[in-house]
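Model the placement of chain B on the given structure of chain A, informed by the hints.
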Amino acid sequence: MYEIPLITADNFITYALNGLSRGMIIFLVASGLSLIFGLIGLINFAHGAMLALGGYGTYIVIQATGNFWLGLVISVVLVTVLGFVLERKVLYWLYDEPLLGFLGTFGLGLVIEEALAVYFGSRSYTIQSPLSESIQVLGVTYPSYRLFVILVGAVVALGIGLLLTRTRLGLEIHATANGQPTAEILGVDTARIYTLTFVLGTALAALAGALTAPITSMYPTIGLDYITMAFLVIIVGGMGSFKGSFVVSMIVGQIIAFGWLLTAPTYVRILIFAAAMVFILYQPRGFFGKPEVHE
Amino acid sequence: MSDTLTNVRELAQGTTRRPLFAVGALLLLAVPILAPSQSDLATEALIFGLFAISVDIVLGYAGLLTLAPAAFFGLGAYSVAKVVVDYGQSFWLGFPVAIVLALILAFIVGYVPIKRRIGDVYFVLFTLAFGAIAYDFTFVTTSVTGGSDGLGFFGPPEVLGIDLGGSLPYYYFTLLTVAVFGFGLYVLIKSDYGDVLHATRQNELRMRYLGYDTNRELMIAWLVSAAISALAGAVYVGSVGIASPSLISFALTGDVIIWIIVGGTGTLLGPFAAAIGLVFMQELLQSVWLEGYRLLLGILFVVFVFALPDGLMGLIRGEE
Chain A
1 MYEIPLITAD NFITYALNGL SRGMIIFLVA SGLSLIFGLI GLINFAHGAM LALGGYGTYI
61 VIQATGNFWL GLVISVVLVT VLGFVLERKV LYWLYDEPLL GFLGTFGLGL VIEEALAVYF
121 GSRSYTIQSP LSESIQVLGV TYPSYRLFVI LVGAVVALGI GLLLTRTRLG LEIHATANGQ
181 PTAEILGVDT ARIYTLTFVL GTALAALAGA LTAPITSMYP TIGLDYITMA FLVIIVGGMG
241 SFKGSFVVSM IVGQIIAFGW LLTAPTYVRI LIFAAAMVFI LYQPRGFFGK PEVHE
Chain B
296 MSDTLTNVRE LAQGTTRRPL FAVGALLLLA VPILAPSQSD LATEALIFGL FAISVDIVLG
356 YAGLLTLAPA AFFGLGAYSV AKVVVDYGQS FWLGFPVAIV LALILAFIVG YVPIKRRIGD
416 VYFVLFTLAF GAIAYDFTFV TTSVTGGSDG LGFFGPPEVL GIDLGGSLPY YYFTLLTVAV
476 FGFGLYVLIK SDYGDVLHAT RQNELRMRYL GYDTNRELMI AWLVSAAISA LAGAVYVGSV
536 GIASPSLISF ALTGDVIIWI IVGGTGTLLG PFAAAIGLVF MQELLQSVWL EGYRLLLGIL
596 FVVFVFALPD GLMGLIRGEE
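Here the protein sequences line up with chains A and B, keeping their order.
Using the working numbering, you'd call the opening residue of the first sequence number 1 and step up by one each time.
Using the working numbering, you'd call the opening residue of the second sequence number 296 and step up by one each time.
Hints were generated in silico from the structure; no laboratory data involved.
All C-beta atoms, glycine included, are put in the ideal place defined by N, C-alpha and C.
Just so you know, nobody snuck in bad clues.
Cβ-to-Cβ under 8 Å is the rule here; a few derived chain A residues that face chain B: (1) 108; (2) 224; (3) 277.
Covered, in the sense of this in silico footprint (three residues per stretch, anywhere, with C-beta under 8 Å from a C-beta of chain A), are these stretches of chain B: (4) 404-414; (5) 429-443; (6) 541-552; (7) 580-593; (8) 597-608.
Next comes chain A alone, as it looks inside the complex (with noise of 0.2 Å):
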């Protein structure tokens, strides 16, 4: 019958650590789309083949280079480019119309992902994980690289949120997102402001995906399974809460770990999807969102 799985005090570190590291990288996906859905409004549903691209453009520079650490940097950086190219040129007229939105950054996402399946093939690849050694962490053995996903996570989300909170910059954007015309009248460029919020957004998904792909087997629409999980993070953290997409990622990421222990992985996803649901019908503004943050 049912066996009832064993949770000692040594594997539950190590199921803490994999619900920590998994939890980083939806942070990652789930806060990019968060600036960009909190602050401009928009369903940004390219951001998904953002990270696919940022996994196979690391698979690229590998198998020239050999090196993961260059791969990654190149990656980011190119993504980012596009993600900035995209935005300046292609996206802006959007904004003040979310179904359209959708649909123009639904198409873009596409051609991406086909794309990618064009030249790739819709094979999976892998990756080999560039620290492979184990080391000991709170009594448990540890793959070192995932260590270093949490690390990576955690420095992202300080970083930001120190942004957000410290400097000039962060205020503009919390003025943009608390009223454009407002802030356009208090001489803050807010076409910029959108600019740069949607380069930083892509930038995390790039990163995402370039992180996750020594974790994970890279398959063109990769993307697609990471933004529905990230897009109902958000919406329970709280539509452009910052702090929400952190704090609810790290639970999602826990409750993903724990989960597979007790129940397939599929009845946790549903879990997850239904409580989303359920947030978007009673409580639209999440654990952390504020009112006046764009509906």
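Relative to the frame of chain A, chain B by itself:
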């Protein structure tokens, strides 16, 4: 605009429009005679045409962008396969079962979001979550849905001595179904109800002041759409012989959205024609460049969203 385009517009607008419809209808009737080897493909194209119309009712007329139409299409397909294979009942019983189940599911899923008037953006995400759950559901209920293998199906029965399992008879059965329900939707949209729906999109507040229960109008559109989507799925499973998770997948939802945008939202005929045209184009292109079709489809879609947001019908009608 070029002269050719103007000519095409005049053709589509003027008195020549009716003969054009007649030619189209004759073509559809003659497909199995002109190209017998293509009748299975034509059947699929017709079904997807009806599916596109049913989704256009919600997207184009009610203005609700749903990311879960495939859930209802798949529900229809699974219902028929389940009724016939697992319960040994008649093929024909599958259709009312599919429609009733779709209506129940659509009511459960749609009631609260429509009543609470969640915004466009939230509705998109709500249906995204629902579509993802519907897809995942087939994998956790293996005993009911067959998991990733899906439910096999032994083919439609004989009617009046004609074996519907054959490509040709099933094509005409599909054509009849699509014609009846497509025309039914056309009548519905051209009726007072269609006007009310249209007015609601234009100015919902005023319609409420005038005493219309706009939530009810949206709900009717949502339910009709779900029922017809399920019907299309039910007809589909009789043609392909298997109900598989791909029928519930986001890929199919994406395809429907592409057909509608390319054809022209809120036109019925546009999405119908675009679905048929693109299914045939897929077959044509796949023999030349197998992987490239979806890339070209994506590029086509982007061109339409950015340059021709009114779709093919908008292009034909010109400024209105």
